[in-house]
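**Q** With the sequences and hints as input, model every part of the structure.
Chain order of the listed sequences is D and W. Following the working numbering, the residues of the first sequence are numbered contiguously, the last one being 268. Following the working numbering, the residues of the second sequence are numbered contiguously, the last one being 180.
Just to be clear, a hint being listed does not mean it is correct.
[Stated by the list, open to error] DSSO-like, lysine-lysine: derived pairs with alpha carbons at most 27 Å apart:
no., chain 1, residue 1, chain 2, residue 2
1, D, Lys135, D, Lys192
2, D, Lys197, W, Lys79
3, W, Lys79, D, Lys250
4, W, Lys48, D, Lys197
5, D, Lys193, W, Lys79
6, W, Lys79, D, Lys192
7, D, Lys145, D, Lys172
8, W, Lys48, D, Lys233
9, D, Lys145, D, Lys128
10, W, Lys79, D, Lys233
11, D, Lys172, W, Lys79
Hint data in this document are derived by calculation from the structure and do not stem from the laboratory.
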Amino acid sequence: MPAKPVVAFEVHFIGPGITPATVPVGSLFRSLTAVQRLALGGQVTVADGSEDEEEEDSGLVRLIGVRKGSAVFRCTSPNPDLARTNLREAGIILDDPEKIGERGYILSPLRRLSETAQALACSILIRKPDSHNGKLAEISADSYKAVRDVAIVSGETSLTGNVQRVGGATAKRCSLRVAFQTNLLYCSVQSKKTVRKLGQFLYQDVVVHGTALHLKHSWKIVSFTVKDVDQPKPGSLSEAFQAIWHAGGKDWQNYDDPAGYLKESRGQ
Amino acid sequence: MIAAFDTNVLIWALPYGLSRARRRKTNQNVADMERRAKILLTELEEKKARIIVPLIAVGEFLVGIEQANHGAVLAEFQKRFFCPPYDLRATVESARLEQAHKGFAPAERVERKLVRPDAMIVASAFVHGARTSYSHEAGVRKMATVLGMNGLDLPTHSENIFVDHEARNQAMDDEADGES
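**A** What follows is the structure, encoded as structure tokens:
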């Protein structure tokens, strides 16, 4: 006889009038998926990039016949201790966003949970089961913004990558294989024109220009919005320098001592 | 392999050829520098290296070029190389390099006025993925090592004797043409 699953943690939706029947199934699904990602501590690879697909949530289909009271959802996990540790770490970051360190993975699920908290006018409490002081993390509508404002800096930059996917039914997105991380980098794309341009470079190396959000302690890119894309075509290096020479690089021959002139001009 | 070029490498990599005879006032061994640059380009091509030319270096390169040609030269660089900007993360790394530079041995230091632009070039290359940085300046190579990159000079010879031989012959031919 299989062992009864252990309850690893509980997710409570706490707010006026919140019951299991008032939580739309879509919101519940997204929230529990986000909690799962927090519980796994960033070890999950988002299957098929589905995190990037926003689904319409009509709110028409909901749970029913669930015990009345707060909307409490009990979850099990193959490794309950690890899940609780990861969730507790997320809770510590929520209390002090400076402690985010390298754990940029919490941002995406946190955004989802804050959106749900905002939409349902509730807070989402994750806690150890059967415990009065077992709070692991509590997410409110402001939680994502609070962490983002402290832990994230943004700036314009360019990066190279290989285009893996482009498009999206409800949002303009692409994914790039980049050298600085093993997972794909999921990006927003600013315009349809750029999406079309990216589409022409599917499975090819490109340079994308845009706005990056970085974790300020580790400089890991947690979000990138592509504003433009181009594709260097170096040919051979000799050809490249021939082309630069003919475009005007030959002006350097006017200096008796090019290296000396460079040094002199840099010092000015 | 992702490698970055400092501005001095860009200058020596140009195909001066016959025009070299005009440049007699320099203390540097021009023919030798061009030969070494040629070896470098050949070796990097063989390794199918991806080349980064930080925009700061491109900007310095433009200083030696007529203004009317700036747009065309910039377009060629962008068309053929990844030319990353000096961005937010590079700002932090270049500050780190400037701080580290204070601890360099005297022989490894760059001139004070050049510390900042050199640090900006190395930092831009590093944060955009370069793990090898080519420069003829010892101080710039030292900066690269601070960030964990390989800081390399233009090669004096090629391990491939055919490349070495060809570069030497080319240099001698050009020299002879320049004399005549």
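**Q** Where does the structure disagree with the numbered hints, that is, which hint numbers, in rising order?
**A** Going through the list in order, the structure violates hint 1 alone and respects the others.
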